[in-house]
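Engineer: Residue numbering for the sequence shown follows UniProt numbering, beginning at 1 and increasing consecutively.
Treat the hints with caution; some may be incorrect.
Result set (EDC-like, lysine to aspartate or glutamate): computed pairs, CA atoms no more than 20 angstroms apart in a straight line [what the hints assert, rightly or not]:
{"#": "1", "residue 1": "146", "residue 2": "110"}
{"#": "2", "residue 1": "128", "residue 2": "110"}
{"#": "3", "residue 1": "128", "residue 2": "175"}
{"#": "4", "residue 1": "103", "residue 2": "86"}
{"#": "5", "residue 1": "128", "residue 2": "91"}
{"#": "6", "residue 1": "133", "residue 2": "163"}
{"#": "7", "residue 1": "103", "residue 2": "142"}
{"#": "8", "residue 1": "133", "residue 2": "117"}
{"#": "9", "residue 1": "7", "residue 2": "33"}
{"#": "10", "residue 1": "98", "residue 2": "117"}
{"#": "11", "residue 1": "103", "residue 2": "117"}
{"#": "12", "residue 1": "120", "residue 2": "86"}
{"#": "13", "residue 1": "120", "residue 2": "148"}
Pair by pair, the computed Cβ-Cβ distance ranges are [as the list claims (entries may be wrong)]:
{"#": "14", "residue 1": "13", "residue 2": "137", "range": "54 to 62 angstroms"}
{"#": "15", "residue 1": "151", "residue 2": "105", "range": "58 to 66 angstroms"}
{"#": "16", "residue 1": "163", "residue 2": "99", "range": "17 to 25 angstroms"}
{"#": "17", "residue 1": "109", "residue 2": "12", "range": "55 to 63 angstroms"}
{"#": "18", "residue 1": "16", "residue 2": "162", "range": "55 to 63 angstroms"}
{"#": "19", "residue 1": "88", "residue 2": "114", "range": "23 to 31 angstroms"}
{"#": "20", "residue 1": "128", "residue 2": "101", "range": "25 to 33 angstroms"}
{"#": "21", "residue 1": "140", "residue 2": "100", "range": "46 to 54 angstroms"}
Keep in mind the hints are simulated off the structure, nothing from the lab.
For each residue, glycine too, the CB sits at the ideal point set by N, CA and C.
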Amino acid sequence: MLSKGDKVSVLDEAIDGIVVSVKNDQVLIETTEGFSMTFSVNELVKLHDSSNLMNSIKSFDAGYISKQKEEPKPRSFVKERKNKGEIPPPEFDLHIEKLVPNKRGMSNFDILTLQTDTAKRHIEFAIKNRIPKIVFIHGVGEGILKAELDFLFGRYEGIDFNDANYQKYGLGATEVYIRQNAKLF
Numbered sequence: 001m002l003s004k005g006d007k008v009s010v011l012d013e014a015i016d017g018i019v020v021s022v023k024n025d026q027v028l029i030e031t032t033e034g035f036s037m038t039f040s041v042n043e044l045v046k047l048h049d050s051s052n053l054m055n056s057i058k059s060f061d062a063g064y065i066s067k068q069k070e071e072p073k074p075r076s077f078v079k080e081r082k083n084k085g086e087i088p089p090p091e092f093d094l095h096i097e098k099l100v101p102n103k104r105g106m107s108n109f110d111i112l113t114l115q116t117d118t119a120k121r122h123i124e125f126a127i128k129n130r131i132p133k134i135v136f137i138h139g140v141g142e143g144i145l146k147a148e149l150d151f152l153f154g155r156y157e158g159i160d161f162n163d164a165n166y167q168k169y170g171l172g173a174t175e176v177y178i179r180q181n182a183k184l185f
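Can you build the whole structure from these sequences, using the hints too?
Structural biologist: Right under this line is the structure:
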């Protein structure tokens, strides 16, 4: 609510002033240039006195604020649940630096081929040895390796894949689930 003597600013216009009188929803203000103008109450915003700013700053308790900063805050992430004795899935890092000691002389095609061939070997090993879940770390980059891996995984029957745990890997990993078919002999 506005009252006589309040500093106000007009919405949608560069006009500031002081309230002279208030009648119903009409407010008469004197602008900083000395003009008297009438506005509706909903066209005005009350300005707070900046001279009180120093008083507000002085009232802050710096000791309390520094104490809050020193106290360790509880971690706010959800921990992945694991069953007792559960073996974590094998992780395979497909970054080229992890696959070869020196990538000098390799073209981008050679690098991508080596990465997809490595992933294919690991998938086939997991299928053969009935490993239910594996994780491929491919990084974010431009998404070319991820697209190639998605194409590769889509060619296998009985394989589901999706992005790995974001909290652990970020956006740079894919989790592969291998459905095990019980074969009768």
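Engineer: Evaluate each hint against the coordinates.
Structural biologist: Here's how the hints hold up against the structure:
For a cut-off of 20 angstroms, the pair hint linking residue 146 to residue 110 stands: about 16 angstroms separates their Cα positions. The suggested pairing of residue 128 with residue 110 is violated, with an alpha-carbon distance near 27 angstroms, which exceeds 20 angstroms. Distance hint between residue 128 and residue 175 is fulfilled; the C-alpha atoms sit about 18 angstroms from each other, no more than 20 angstroms. Taking the CA atoms of residue 103 and residue 86, the gap is near 36 angstroms; set against the 20 angstroms cutoff, the hint is violated.
Restraint check for residue 128 and residue 91: the C-alpha separation of about 17 angstroms stays at or below 20 angstroms, so the hint holds. Between residue 133 and residue 163 the CA atoms are separated by roughly 13 angstroms; this keeps the pair inside 20 angstroms, and the hint holds. Between the alpha carbons of residue 103 and residue 142 the distance comes to roughly 19 angstroms, so the proposed pair stays at or under 20 angstroms and holds. Among the hinted pairs, residue 133 with residue 117 is consistent with the structure: their alpha-carbon atoms are about 19 angstroms apart, no more than 20 angstroms.
For a cut-off of 20 angstroms, the pair hint linking residue 7 to residue 33 stands: about 14 angstroms separates their Cα positions. A distance of roughly 14 angstroms separates the Cα atoms of residue 98 and residue 117; the hinted pair therefore holds under the 20 angstroms criterion. Between residue 103 and residue 117 the alpha-carbon distance is near 16 angstroms, which keeps this suggested pair within the 20 angstroms criterion. Among the hinted pairs, residue 120 with residue 86 is inconsistent with the structure: their alpha-carbon atoms are about 25 angstroms apart, more than 20 angstroms.
Between residue 120 and residue 148, the direct Cα distance comes to roughly 11 angstroms. Compliance with the 20 angstroms bound is thereby established for this hinted pair. Here the CB-CB span from residue 13 to residue 137 is close to 57 angstroms, well matched to the stated 54 to 62 angstroms. Taking the beta carbon of each, residue 151 and residue 105 are about 26 angstroms apart, not inside 58 to 66 angstroms as hinted. In this structure, residue 163 and residue 99 meet the distance hint of 17 to 25 angstroms, their C-beta atoms being roughly 22 angstroms apart.
Taken as a hint, the range 55 to 63 angstroms holds for the pair residue 109 and residue 12, whose Cβ atoms sit roughly 59 angstroms apart. Taking the beta carbon of each, residue 16 and residue 162 are about 57 angstroms apart, inside 55 to 63 angstroms as hinted. A hinted range of 23 to 31 angstroms for the beta carbons of residue 88 and residue 114 is consistent with their spacing of about 26 angstroms. Our hint of 25 to 33 angstroms for residue 128 and residue 101 holds, since their Cβ atoms are close to 28 angstroms apart.
Roughly 21 angstroms separates the CB atoms of residue 140 and residue 100, a value that falls outside the hinted 46 to 54 angstroms.
The structure fails to meet hints 2, 4, 12, 15 and 21 from the earlier list, while all remaining hints are met.
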